[in-house]
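Line by line, the protein sequences are chains L, U, Z and A.
Residues in the first sequence are numbered consecutively from 4, following the working numbering.
Residues in the second sequence are numbered consecutively from 4, following the working numbering.
Residues in the third sequence are numbered consecutively from 4, following the working numbering.
Residues in the fourth sequence are numbered consecutively from 4, following the working numbering.
It is worth saying that the hints were derived from the structure and are not from the lab.
Bear in mind that the values here come from a model prediction, so they are computed numbers and not experimental data.
Mixed in with the good hints, there may be bad ones.
It does not matter which identical chain is used: a pair holds within one copy or between any two.
What the hints assert, rightly or not - The calculated lysine to aspartate or glutamate pairs, modelled on EDC-like cross-linking and capped at a C-alpha distance of 20 Å, are:
hint : residue 1 : residue 2
1    : Lys-113   : Asp-150
2    : Lys-113   : Glu-82
3    : Lys-113   : Glu-76
4    : Lys-113   : Glu-238
5    : Lys-78    : Asp-289
6    : Lys-58    : Asp-22
7    : Lys-113   : Asp-244
8    : Lys-335   : Asp-351
9    : Lys-335   : Glu-82
Number of protein chains: 4
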Amino acid sequence: MPMMKAAVFVEPHRIVLQDKPIPDIGPLDALIRITTTTICGTDVHILKGEYPVRKGLTIGHEPVGVIEKLGSEVKGFHEGQRVISGAISQSGHSAACLCGHGSQDGPNAKYGFQAFGGWKFGNAIDGCQAEYVRVPDAMVNLAAVPDDLTDEQVLMCPDIMSTGFSGAESGNVRIGDTVAVFAQGPIGLCATAGAKLSGATKIIAVESVPARAAVARQMGADHVIDFTKVDPVAEIMRLTDGRGVDVAIEALGSQATFEGALRVLRPGGTLSSLGVYSTDLSIPLDAFAAGLADLKIVTTLCPGGKERMRRLMSVIAGGRIDLKPLVTHRFKLDDIEAAYDLFANQRDGVLKVAITP
Amino acid sequence: MPMMKAAVFVEPHRIVLQDKPIPDIGPLDALIRITTTTICGTDVHILKGEYPVRKGLTIGHEPVGVIEKLGSEVKGFHEGQRVISGAISQSGHSAACLCGHGSQDGPNAKYGFQAFGGWKFGNAIDGCQAEYVRVPDAMVNLAAVPDDLTDEQVLMCPDIMSTGFSGAESGNVRIGDTVAVFAQGPIGLCATAGAKLSGATKIIAVESVPARAAVARQMGADHVIDFTKVDPVAEIMRLTDGRGVDVAIEALGSQATFEGALRVLRPGGTLSSLGVYSTDLSIPLDAFAAGLADLKIVTTLCPGGKERMRRLMSVIAGGRIDLKPLVTHRFKLDDIEAAYDLFANQRDGVLKVAITP
Amino acid sequence: MPMMKAAVFVEPHRIVLQDKPIPDIGPLDALIRITTTTICGTDVHILKGEYPVRKGLTIGHEPVGVIEKLGSEVKGFHEGQRVISGAISQSGHSAACLCGHGSQDGPNAKYGFQAFGGWKFGNAIDGCQAEYVRVPDAMVNLAAVPDDLTDEQVLMCPDIMSTGFSGAESGNVRIGDTVAVFAQGPIGLCATAGAKLSGATKIIAVESVPARAAVARQMGADHVIDFTKVDPVAEIMRLTDGRGVDVAIEALGSQATFEGALRVLRPGGTLSSLGVYSTDLSIPLDAFAAGLADLKIVTTLCPGGKERMRRLMSVIAGGRIDLKPLVTHRFKLDDIEAAYDLFANQRDGVLKVAITP
Amino acid sequence: MPMMKAAVFVEPHRIVLQDKPIPDIGPLDALIRITTTTICGTDVHILKGEYPVRKGLTIGHEPVGVIEKLGSEVKGFHEGQRVISGAISQSGHSAACLCGHGSQDGPNAKYGFQAFGGWKFGNAIDGCQAEYVRVPDAMVNLAAVPDDLTDEQVLMCPDIMSTGFSGAESGNVRIGDTVAVFAQGPIGLCATAGAKLSGATKIIAVESVPARAAVARQMGADHVIDFTKVDPVAEIMRLTDGRGVDVAIEALGSQATFEGALRVLRPGGTLSSLGVYSTDLSIPLDAFAAGLADLKIVTTLCPGGKERMRRLMSVIAGGRIDLKPLVTHRFKLDDIEAAYDLFANQRDGVLKVAITP
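Chain L on its own, in the form it takes in the complex (with noise of 0.2 Å):
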């Protein structure tokens, strides 16, 4: 049984390179070879016990990497082709992904609809921190990369671009919107350079940490608030002359994001929730004008599929953004505990950091 490196959780506070069986395919799978990957922030809360899986699974979804074999029934790819695919995975055949919920995908659930059922790498099935991976419903998830661009170019349109442009997307931001963005860790710095790819024209970011404001101002933010020196709502009420913004994006996932991004909106106005939440949330009665302001929240959980993953490196091949500061970091897999050890205490300025086998 041929064997490959894999990065697994064991128990709480322990992710560990191991050898495990490369995976099996179906006729509608294909085995990927990665090339490169990388550490999310959800993996952070995989390995320290927040959100539980199963011991022993394979963690990671962003895969880059070359087809190594196709199942019996694939069409449309060849072997020894440069993929990516989306961190979530869908069925194409669910009731979600035919009302465009893809998401959301259930195809085994009765009605075709399971809560965040596409998210399967690193979480119901083997992910891709690991020398090869398991694609499922290829057909579906599979993008071509474009020989002109690097992995490193595409490392970021599996998740952190889908989810990050996806709050602009979802909050509806059109030409001459103001927009604020709260938290610009890898995924708010993705929503920022989204809101400005949507022709948002005042772009106002909520970061304390220096160098990750340096970050929000390449991708477009117009201001950036550091919210340990001033109260970013009364700032976002001075910088829009008392107005408020359009939309207002979430991108960490606690009651104060939450909370702020519900007080700055202006009447009318769209709440763009990216962020992972881990406790109830508030909805204070007058932020909420007493459900009386025309308010929307909207969530959304990364979108995938190969027409999604061509959109997304379309972006970075027609020179619209450049994610290359977000990679931070270097790691062979071999190193990948050094990497988890780096990320999850968020040293050295680090944003992301790209994994190669």
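Model the placement of chains U, Z and A on the given structure of chain L, informed by the hints.
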């Protein structure tokens, strides 16, 4: 100075019929002689002191009447014409109006938005539980009543019907949807009717009062759940075979109904909130799927303006809905204090009262 | 080799019942034993040689039946289950599918789009006017029929009802709209029903055949204009008091109906086109207001997929519409040549025929 | 009676600078002292007699100026304030305004809609190629110019920029789209800029004039096709590798550009038409895929109103776009006849002229 009778807020727990001068009008206004009006649940909040208004204010925001006098700049109407005006009055020229959120009208606000700024009658200016009312921005707000519709037939258009229907509209109910409506007071009943008119094919109402449950069925509910006997969340999940609903409409304004509406949504579903809340709201982490289920929460304040009123009257004129069952009691304006007593205490199966000066 | 009977295109003007082998199926397919099917206007175009298909092709794209056999990779269905499939089959994995245009499915096209590529049955692959049909991508396309619905009740779902309703859906008909529907053949009748279900409050149908006019009224038309007696454009403008309609649905596929639909639109209105055209179309300068009237023209091919089918069946199961008046004649498959003769010549007030093997 | 200079339509081929009385204003109007204005392609159609206006009318619909006097009912502005007004003036109270189609404003039309009824300046009422102009419904139409923007910086907002951007907006261009823009006159150039601002990642412009092609690249075009050298349809299909474009914007008003735009659409794509046509249009059957390709054709007239103007000015203030390259020539109002001569004959690489009284 010509005088009229008007229902005036004197102090908490006292709305009293008093003599007041007939209002003066400005160049853009109209003076309407009220022929029929009604009492809203919001008026009861004012009566009880739960929603503060200034002492001496005339209450009421649902006018049906006849144009007594037109301002010098008002064109397109004539004196003696039967008209209604939406409960929410728009200026037509604020930023809110110009981007489709007239209910958040802020013509005098610096940036043209004011949370529920369109609610003027019986809140910011004198209302219509009186013999006469001044309608501001008459060209925007007055709508001619077709000859073949009676006052009572159009009495629900200014508020209840516009608000209730907006529950389905803002929730984007479409053909084939399953919809839950929490609470079947007048607004909830109109939300049920709006869901039916929008093509919902399974409508589940939640209501414990038998008379209201019966009207709910007339309005289009396929099922009515008595929440005092069964858990409505569990029952809705049972009735949808575990799938949940596409759209849940909240029509009361409480944590219980808000939370129930959230819990019955399928992934990707929409909570359309109509209620006026009086406390902070809590979003339970599990009901929100940690922010990962592509859920939407939208709130809507009663849409107004003459085109909205025309559309709603066309629904009645076209025989698409019969709202007569909602008018359960009739009073003379002279007896409005008795009407408040009945309505505020929800005696005698009251849904809505018609008040005629 | 087990054989079956099938209606086969032999040459223009000859569709003949022949013996053919029962289809083989692949891992993603299903073999359906047809219990009821019907003939579509498109089939008549094929019969007359107006739409070319290859000789030897089995015709028909509206299957109701029972699963005889499932491909090895098909999950979520079982043999013996009653099912329908949409007339338009999607792969679930083409770019078209992934951006919500499954009817333009192009799994084998380089970029995943192919104009009306989802129309496979009786066009690109063998159809269902036969004892058996192979359904490709069964997990995407098969939808279980509720036990309490008869074959005839769901017979319109695969094409006529899905297409007709899409006229209202793509036109974005909403509560209070005035809608004109040009032509009241089976698709136009379903468009009328779809407009009613979407909340249109004045529906004006154009049709000269009295029997169809009568069914149009059953489906929701408030007025039916006989275009052989009055000019439909002038009459619609009269019935709308000079305003025009919000949405005009074209349900025939001719210059006259297309142009009529354009001419009755109010500024800002939408022409929703369902017809299959056979000639170039002309947009008269005046009807188009020189391009300045914010008009929209949208075309829609019959939406398919199992979720669409489920929704349509829920409309029938919920008692929202009764399409039984559309099935005017019944034939055995053995007599399908007679059925074609009747249907192609529109004799005896035929709307749709039910064909049972 | 105080007099002013104004460019007046005398007869076909003669627009002449004349003395006229300074306009009177009504209670809702404002009198604007023009500081900068420009000439539009539409004005050239008027000059040539191709679009009829009444003799004696002052031409021009792109005003930048200072409030000289306000009507008695106008609030929220003050005399001496720098303002612009959209080319399209809305009443704020017609049915068209109230349903978001202010450009089709029909305040005096029976039902509140009039095809391109919002185009008043230099068409229905005196325009702004003059020392003064009366702006109707000033509270709806006037927008304050930020101090840090020059007249020339905002000169494109009233028409060219609003129209051009609407090509991308009505076409619903979103992140990752491929967009073609047919013709790169001032409107086409702004359409290119609007597509870029909306997130298009491949923009293909069609233009033969080298100077315009150069500006097109500045505005965001990735490719510019000279239609005198290659067939633009074939070239766009080549540049998109056979896929076609998501959105094609027509910015001229001819059969050739309309048809080209239709032919390069992928199935499910949108033709967003901005041109003012002068002949009937033909939709070739093959380009329309017989009505089966889920295509959309949308037309948009220049959106106006103060909120629109504020948004457009925010694009410039935010540094998102630099439209200065569009102003190629400058004239005094006294020399406007020479300006017309240059502009109408498109001499000297003219794009737009700035006219200053």
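Contradicted hints - numbers only: 5, 9
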